Amino acid sequence: MTEPPYPAFNTLAIHAGAQPDPATGARATPIYQTSSYVFDDVEHAASLFALEAFGNVYTRITNPTQAVLEERVAALEDGTAALATASGHAAQSIVFHTLLEPGDHFLAGRQLYGGSVNQFNHAFKKFDWHVIWADATKPESFEAALNDKVKAIFIESLANPGGVVVDIEAIAKIAKKAGVPLIVDNTLATPYLCRPKEHGANIIVHSLTKFLGGQGNSLGGIIVDCGTFDWLASGKYPTLSEPCPSYNGIRMAETFGDFSFSIACRMLGLRDLGPCISPFNAFLILNGIETLPLRMQRHCDNALSVAEWLDSHDKVDWVSYAGLKGNAYNKLAGKYLPRGAGSVFTFGLKGGYDSGVALVSNVNLFSHLANIGDTRSLIIHPASTTHSQLTSDERKAAGAGDDVVRLSIGIEDKDDIIADLEQALEQA
Amino acid sequence: MKHDQYSDRYIRRLLTTHKTFAFVGASPKKIRPSYFAMKYLQDKGFRVIPVNPGHSGKEILGETVYASLADIAEAVDVVDIFRNSEAALEIAKEAIEIGAKVVWMQLGVRNDDAARLAEEAGLEVVMNRCPKIEYGRLSGEIGWAGVNSRTISSRRPMLASKGIQHRVIRGD
Chain A
-13 MTEPPYPAFN TLAIHAGAQP DPATGARATP IYQTSSYVFD DVEHAASLFA
37 LEAFGNVYTR ITNPTQAVLE ERVAALEDGT AALATASGHA AQSIVFHTLL
87 EPGDHFLAGR QLYGGSVNQF NHAFKKFDWH VIWADATKPE SFEAALNDKV
137 KAIFIESLAN PGGVVVDIEA IAKIAKKAGV PLIVDNTLAT PYLCRPKEHG
187 ANIIVHSLTK FLGGQGNSLG GIIVDCGTFD WLASGKYPTL SEPCPSYNGI
237 RMAETFGDFS FSIACRMLGL RDLGPCISPF NAFLILNGIE TLPLRMQRHC
287 DNALSVAEWL DSHDKVDWVS YAGLKGNAYN KLAGKYLPRG AGSVFTFGLK
337 GGYDSGVALV SNVNLFSHLA NIGDTRSLII HPASTTHSQL TSDERKAAGA
387 GDDVVRLSIG IEDKDDIIAD LEQALEQA
Chain B
70 MKHDQYSDRY IRRLLTTHKT FAFVGASPKK IRPSYFAMKY LQDKGFRVIP
120 VNPGHSGKEI LGETVYASLA DIAEAVDVVD IFRNSEAALE IAKEAIEIGA
170 KVVWMQLGVR NDDAARLAEE AGLEVVMNRC PKIEYGRLSG EIGWAGVNSR
220 TISSRRPMLA SKGIQHRVIR GD
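So the sequence lines, in the order shown, correspond to chains A and B. Numbering follows the numbering used here, with no gaps: position 141 of the first sequence is 127. In the numbering used here, each residue carries its 1-based index in the second sequence increased by 69.
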């Protein structure tokens, strides 16, 4: 008998991790809305607490609905395992809590989601973890920034919001040479457009809130363990390589092999810091993922049409979309994002600040809000909202100059999206 | 056969037809991978006989430890090697001697000479795999910890007769 081949992406998006419910036969994954699970007997309980058996104890650590989501995303990213969390920020907190000790450093490309910049600059400093900023458009800047306290490198595959496509392979080489893991935030690309593991990433994080869930209704984050980093090769990662006092002295990397990073994140980071995902959110995001390939392709096709239309509009100064021919990142997009350059991008208005305010005030289909990756088309003028506390010069340095408008193109009919921008631009 | 990867069908057949394992290099220490694997397989209804000359005559998880495979009086189906790759050749020879059906080398253990020898003698071989992880993967239990089982199925998972949080592997 021949065995069927390993399923491809569309099939995994629907089936990975989910079997009919063993207790009821329910075909859709049930929402296991429970805090805890009864033990079979005392011995079973002891085995679970010692990590000797697989099983559920308490929803802060594992939950069956969440587990389907985790296996689904691990399969889509071709990782060995995954851990879902309350938000993308929670995922990042747990990743660094597992990797770093007080006093440690890590490198990050400065072209990042502003929330990550704040988390790394301010919140992490209180743990005595120190970010060193490099330039994600210049891989050699990471090599120049290395020192012997650096324990990890962090980048986004497709940086938010500037449309920067990062040369993952070049930075992965530098990480490998330095003996530190490369962490890639793949939120804007999703595994449908880019699989960072194929380019040398060791750990992948996502905000599930964006394209994976895709409908703007549920917060969530996830950590994917690619299973490609040797945690025992150096003494740099004691959480994984040293005996663990709260689990009888087991060594995570020895006991759990190529998925030990995910287990350490769950059994130490999530257990002790606590930002678990709600089972209901896990359910909604899981349903979103089933249609990821269809949605993502439509997002990209619509975004390219809108970017091309804006590029020829006489009130528009510039459009920063890597899918456009002539864009500085078009070549890298061809390599890393062959199916499309995502649907989040920025453009500049010749009329500056006042034009930006007029545009967001007059849209009727676009929603004026601070999110991305929704079925609905979204718009924001950073200078008057997210970056309004900064001076004009500071805004310019952050890529949020007075003229900048950010779009997240939805999956409506593209003619309707363009028509809405057209009527609003007339008034801008 | 090739040993870089195995079909799920092959592993599933080995784990549903054989019932008695000998663990060469079994450890009495509760935190060692061999102890974890032994306890788990016992829980799934396998007989696991520990072999370790340094602990012969003592007990691990209720089973007497033997000094060598040849000392075991009863039939052994699967010899699972928890030693370094170099030691696997001699152990494979002993496995052939005692009439075992399968030589299984743990995660991280691979010895192609030992595999060839065992296959020439009619035994089946698995290298660089853990039977606990494989059982957890094929039964779906490993997915409870967010681990990618690399399998999909539209059929209901099979529950074990005992307890609630226990699954078994469906045979072909």
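If you are wondering where the hints come from, they were derived from the structure by calculation, not from laboratory data. Any given hint could be a false lead.
Derived coverage of chain A by chain B (criterion: at least 3 residues anywhere in the stretch with Cβ under 8 Å from a Cβ of chain B; other residues may be distant) [as the list claims (entries may be wrong)]:
#: 1; stretch: 51 to 58
#: 2; stretch: 77 to 91
#: 3; stretch: 234 to 245
Derived lysine to any residue pairs resembling SDA-like cross-links, with alpha carbons at most 20 Å apart [as the list claims (entries may be wrong)]:
#: 4; chain 1: B; residue 1: Lys99; chain 2: A; residue 2: Asp7
#: 5; chain 1: B; residue 1: Lys231; chain 2: A; residue 2: Asp26
#: 6; chain 1: B; residue 1: Lys99; chain 2: A; residue 2: Thr10
#: 7; chain 1: B; residue 1: Lys231; chain 2: A; residue 2: Gly243
#: 8; chain 1: B; residue 1: Lys108; chain 2: A; residue 2: Asp7
#: 9; chain 1: B; residue 1: Lys99; chain 2: A; residue 2: Ser232
#: 10; chain 1: B; residue 1: Lys108; chain 2: A; residue 2: Lys311
#: 11; chain 1: B; residue 1: Lys108; chain 2: A; residue 2: Gly243
#: 12; chain 1: B; residue 1: Lys113; chain 2: A; residue 2: Ala410
#: 13; chain 1: B; residue 1: Lys99; chain 2: A; residue 2: Cys230
#: 14; chain 1: B; residue 1: Lys71; chain 2: A; residue 2: Asp7
#: 15; chain 1: B; residue 1: Lys99; chain 2: A; residue 2: Ser227
#: 16; chain 1: B; residue 1: Lys231; chain 2: A; residue 2: Asp7
#: 17; chain 1: B; residue 1: Lys108; chain 2: A; residue 2: Asp297
#: 18; chain 1: B; residue 1: Lys99; chain 2: A; residue 2: Glu29
#: 19; chain 1: B; residue 1: Lys99; chain 2: A; residue 2: Pro8
#: 20; chain 1: B; residue 1: Lys231; chain 2: A; residue 2: Ala31
#: 21; chain 1: B; residue 1: Lys108; chain 2: A; residue 2: Thr10
#: 22; chain 1: B; residue 1: Lys170; chain 2: A; residue 2: Asp27
#: 23; chain 1: B; residue 1: Lys113; chain 2: A; residue 2: Asp26
#: 24; chain 1: B; residue 1: Lys99; chain 2: A; residue 2: Pro231
#: 25; chain 1: B; residue 1: Lys231; chain 2: A; residue 2: Arg237
#: 26; chain 1: B; residue 1: Lys231; chain 2: A; residue 2: Thr10
#: 27; chain 1: B; residue 1: Lys98; chain 2: A; residue 2: Val43
#: 28; chain 1: B; residue 1: Lys98; chain 2: A; residue 2: His83
#: 29; chain 1: B; residue 1: Lys231; chain 2: A; residue 2: Ser204
#: 30; chain 1: B; residue 1: Lys113; chain 2: A; residue 2: Pro229
#: 31; chain 1: B; residue 1: Lys98; chain 2: A; residue 2: Thr241
#: 32; chain 1: B; residue 1: Lys113; chain 2: A; residue 2: Glu29
#: 33; chain 1: B; residue 1: Lys99; chain 2: A; residue 2: Glu240
#: 34; chain 1: B; residue 1: Lys170; chain 2: B; residue 2: His87
#: 35; chain 1: B; residue 1: Lys108; chain 2: A; residue 2: Ser227
#: 36; chain 1: B; residue 1: Lys108; chain 2: A; residue 2: Pro8
#: 37; chain 1: B; residue 1: Lys231; chain 2: A; residue 2: Pro8
None of these values were measured; they are calculated from a predicted model. Glycine is no exception: its CB is placed at the ideal position from the N, C-alpha and C atoms.
Structure-based check of all given hints:
1. 51 to 58: Since three or more residues must qualify, the claim that chain B covers the stretch 51 to 58 of chain A holds, with 5 doing so at under 8 Å.
2. 77 to 91: Coverage by chain B is violated for the stretch 77 to 91 of chain A (0 residues, Cβ < 8 Å).
3. 234 to 245: holds (count 8)
4. B:Lys99 to A:Asp7: Given pair Lys99 of chain B, Asp7 of chain A is violated - Cα atoms ~33 Å apart, limit 20 Å.
5. B:Lys231 to A:Asp26: Measuring from Cα to Cα gives roughly 9 Å; hence the hint holds.
6. B:Lys99 to A:Thr10: With a Cα-Cα distance of about 36 Å, the restraint between Lys99 of chain B and Thr10 of chain A is violated, given a limit of 20 Å.
7. B:Lys231 to A:Gly243: Measuring from Cα to Cα gives roughly 29 Å; hence the hint is violated.
8. B:Lys108 to A:Asp7: violated (27 Å)
9. B:Lys99 to A:Ser232: holds (14 Å)
10. B:Lys108 to A:Lys311: Violated, at roughly 60 Å.
11. B:Lys108 to A:Gly243: holds (18 Å)
12. B:Lys113 to A:Ala410: violated (66 Å)
13. B:Lys99 to A:Cys230: holds (13 Å)
14. B:Lys71 to A:Asp7: Violated: Lys71 of chain B and Asp7 of chain A sit about 36 Å apart, past 20 Å.
15. B:Lys99 to A:Ser227: holds (17 Å)
16. B:Lys231 to A:Asp7: holds (18 Å)
17. B:Lys108 to A:Asp297: violated (65 Å)
18. B:Lys99 to A:Glu29: It holds: about 15 Å lies between the C-alpha atoms, which stays within 20 Å.
19. B:Lys99 to A:Pro8: violated (32 Å)
20. B:Lys231 to A:Ala31: Given pair Lys231 of chain B, Ala31 of chain A holds - Cα atoms ~14 Å apart, limit 20 Å.
21. B:Lys108 to A:Thr10: The hint is violated at about 29 Å.
22. B:Lys170 to A:Asp27: Given pair Lys170 of chain B, Asp27 of chain A is violated - Cα atoms ~35 Å apart, limit 20 Å.
23. B:Lys113 to A:Asp26: Roughly 15 Å separates the two Cα atoms, so the pair holds.
24. B:Lys99 to A:Pro231: holds (14 Å)
25. B:Lys231 to A:Arg237: Violated, at roughly 30 Å.
26. B:Lys231 to A:Thr10: holds (18 Å)
27. B:Lys98 to A:Val43: At roughly 24 Å apart (the allowed maximum being 20 Å), Val43 of chain A and Lys98 of chain B break the hint.
28. B:Lys98 to A:His83: At roughly 29 Å apart (the allowed maximum being 20 Å), His83 of chain A and Lys98 of chain B break the hint.
29. B:Lys231 to A:Ser204: The hint is violated at about 37 Å.
30. B:Lys113 to A:Pro229: violated (28 Å)
31. B:Lys98 to A:Thr241: holds (13 Å)
32. B:Lys113 to A:Glu29: This hinted pair holds, its Cα atoms lying about 14 Å apart.
33. B:Lys99 to A:Glu240: Within the cut-off at roughly 13 Å; holds.
34. B:Lys170 to B:His87: Distance of about 9 Å is within 20 Å: holds.
35. B:Lys108 to A:Ser227: violated (23 Å)
36. B:Lys108 to A:Pro8: violated (24 Å)
37. B:Lys231 to A:Pro8: holds (14 Å)
Consistency with the previously given hints fails for numbers 2, 4, 6, 7, 8, 10, 12, 14, 17, 19, 21, 22, 25, 27, 28, 29, 30, 35, 36, ordered from lowest to highest.
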